[in-house]
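Residues in the sequence shown are numbered from 499 upward in steps of one, following my numbering.
Keep in mind the hints are simulated off the structure, nothing from the lab. Just so you know, nobody snuck in bad clues.
Quick list of in silico lysine-lysine cross-link-like pairs, DSSO-like style, CA-CA up to 27 Å: (1) 535 / 570; (2) 579 / 535; (3) 567 / 535; (4) 567 / 579.
Beta-carbon label-pair distances, calculated as ranges: (5) 664 / 747: 25 to 31 Å; (6) 746 / 560: 43 to 49 Å; (7) 717 / 567: 41 to 47 Å; (8) 736 / 591: 40 to 46 Å; (9) 692 / 748: 18 to 24 Å; (10) 673 / 738: 19 to 25 Å; (11) 571 / 549: 20 to 26 Å; (12) 748 / 559: 49 to 55 Å; (13) 560 / 727: 41 to 47 Å; (14) 715 / 693: 18 to 24 Å; (15) 580 / 672: 29 to 35 Å.
Where is the CB? At the ideal position from N, CA and C, for every residue including glycine.
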Amino acid sequence: MIVDEREDNFREMAALGNLRAVAAYIRGGININSQNKMNGWTALHWACVRGNIEVVGALIRAGAQTDIKNNKGQTPLDVCKSNETRAIFPGYEPDNELDSPSDSANTSFVPNYIVNPDLSKAWGMPEDVMVGNQGDSAYIRQLQQEASGNVRHDLAKLQDDPATSERELLVYVSQLGDNNLRGSVFVGSNATISQLSGQIRSELDNVPEDFAISRYNGKQIVPISAKQEQFSVGQVFRGDEDAVVLVPRH
Numbered sequence: 499m500i501v502d503e504r505e506d507n508f509r510e511m512a513a514l515g516n517l518r519a520v521a522a523y524i525r526g527g528i529n530i531n532s533q534n535k536m537n538g539w540t541a542l543h544w545a546c547v548r549g550n551i552e553v554v555g556a557l558i559r560a561g562a563q564t565d566i567k568n569n570k571g572q573t574p575l576d577v578c579k580s581n582e583t584r585a586i587f588p589g590y591e592p593d594n595e596l597d598s599p600s601d602s603a604n605t606s607f608v609p610n611y612i613v614n615p616d617l618s619k620a621w622g623m624p625e626d627v628m629v630g631n632q633g634d635s636a637y638i639r640q641l642q643q644e645a646s647g648n649v650r651h652d653l654a655k656l657q658d659d660p661a662t663s664e665r666e667l668l669v670y671v672s673q674l675g676d677n678n679l680r681g682s683v684f685v686g687s688n689a690t691i692s693q694l695s696g697q698i699r700s701e702l703d704n705v706p707e708d709f710a711i712s713r714y715n716g717k718q719i720v721p722i723s724a725k726q727e728q729f730s731v732g733q734v735f736r737g738d739e740d741a742v743v744l745v746p747r748h
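Make the full structure from the sequences, and use the hints.
Here it is as structure tokens:
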């Protein structure tokens, strides 16, 4: 069986919300419904769980199957976190419930492109969008040139603007170590520590029912007090090596 090595990159672009790259992969003949061999997630699953509305719309318009189930039996609609995203699906009728993170969106396997994201890919154009036997493409070259010219500017803007910046935090339980890693969350710098706790509960599997958040600063684990739970993530987690350590409350 021939495997298109671009498929992982395609799903990564959908997860990061890179609409231009997703569109270029589709034009390049990518299998839009390809699934990750470990968890069964498609590009549409990742776009939905990340709330990348424009990518969700582009994938559905391009013919992405909305009924494909991942290894937990979840369709892309099942992992949506807002009615705004769900409303893009043909035939969806919203109820009167408030938007809330879907507990069904949890996945115990987290691909490397989510654990260790390359933020430049959120704007850039991958070199493999066209398969080898399709030859050169002026359209793809143009997209690559336009994207590469904006990557540095957009990255700098994102990092300098605390209102829009988002960072990834690895989440461990009790102590650091591969066996204690539960995954990662992408959280805005303005989110509070209390909101971070709620996001961890809604997105990650196998976390304690009741826990306190501590910060690993690259050298030691530092407790965060109850009074600091209203501090912003940007105030508390400042270093590149910072990580979240969940301390179970007994």
